[in-house]
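There are 2 protein chains.
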Amino acid sequence: MIRGIDHVAIAVENIDETLAMFKNTLGLEALHREVIAGYGVEVATIRLGPTTIELVQGTTPDSPITKYIEKRGPGIHHIALEVDDIAAELARLKAGGAELIDATPRTGKEESRVAFIHPRSTGKVLYELVQNKTPKR
Amino acid sequence: MIRGIDHVAIAVENIDETLAMFKNTLGLEALHREVIAGYGVEVATIRLGPTTIELVQGTTPDSPITKYIEKRGPGIHHIALEVDDIAAELARLKAGGAELIDATPRTGKEESRVAFIHPRSTGKVLYELVQNKTPKR
Chain W
877 MIRGIDHVAI AVENIDETLA MFKNTLGLEA LHREVIAGYG VEVATIRLGP
927 TTIELVQGTT PDSPITKYIE KRGPGIHHIA LEVDDIAAEL ARLKAGGAEL
977 IDATPRTGKE ESRVAFIHPR STGKVLYELV QNKTPKR
Chain L
877 MIRGIDHVAI AVENIDETLA MFKNTLGLEA LHREVIAGYG VEVATIRLGP
927 TTIELVQGTT PDSPITKYIE KRGPGIHHIA LEVDDIAAEL ARLKAGGAEL
977 IDATPRTGKE ESRVAFIHPR STGKVLYELV QNKTPKR
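Quick note, the sequences are listed as chains W and L, same order. Under our numbering, the first residue of the first sequence carries the number 877, and numbering increases by one thereafter. Under our numbering, the first residue of the second sequence carries the number 877, and numbering increases by one thereafter.
None of these hints come from the bench; they were simulated from the model. These figures come from a predicted structure and were not determined experimentally. All the given hints hold, so there is nothing to weed out.
Heads up, the list lumps identical chains together, so a pair's fine if it works in one copy or across two of them.
Under the rule of at most 25 Å between Cα atoms (straight-line distance), these lysine-lysine pairs were calculated in the DSS-like manner:
(1) K943 - K1000
(2) K970 - K899
(3) K899 - K1000
(4) K1000 - K947
With the hints as constraints, model all of the structure from the sequences given.
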């Protein structure tokens, strides 16, 4: 079951500069920062309550975020939906004919389990499913 | 003060088709639907808790959403931040040198007061400030 929006991810060129903008312009600070080597990204979570903004910078030339920015420029990258049982949700989506980028969950930040749904199945928007180690809601 | 993410807006070509995708693929239903004539848009809010997904379809050829889709295609359009005092927030942003699309608030859905910040001031992402008639948080 989808419980709510976990985070909205923004692809950024420079995570430090974007964090400075969040602080100076919007008055919002980072809550958590982590390199996720398996995805070739560094992420910073903005402190905003149960639904956060997540800044994502590519750390390698072949990172999906590096490639996304080369093609489209920085901007909002995906919407992550918190689920209580990611395996059940993926099975339900697959049975319904949705195209999955990750057929089985991968490890995300803070030991979450995550999987992406292909934008072809969702009206051109990239959605991530997240099962948090400690549910937020 | 920014209280949290009010909604994430997705520019769509056909709100009925996107609502059908949300129901059939993601298992999520609409909570509210409204035409906002002043913006040339129809919006549908997806039931997701305090932070919602808002589908936005242009209703006129010169609607900002119609033009956005012509240029970039459908996709995630902006992030709306809920504030407790939009006039104070706009004054703070202006004093800090941020470029505002709306120097004074306009009327949004469900009698909210809304204003957009120019992406030039926020690292290429469009943010909306929303002061809800009934605060969500």
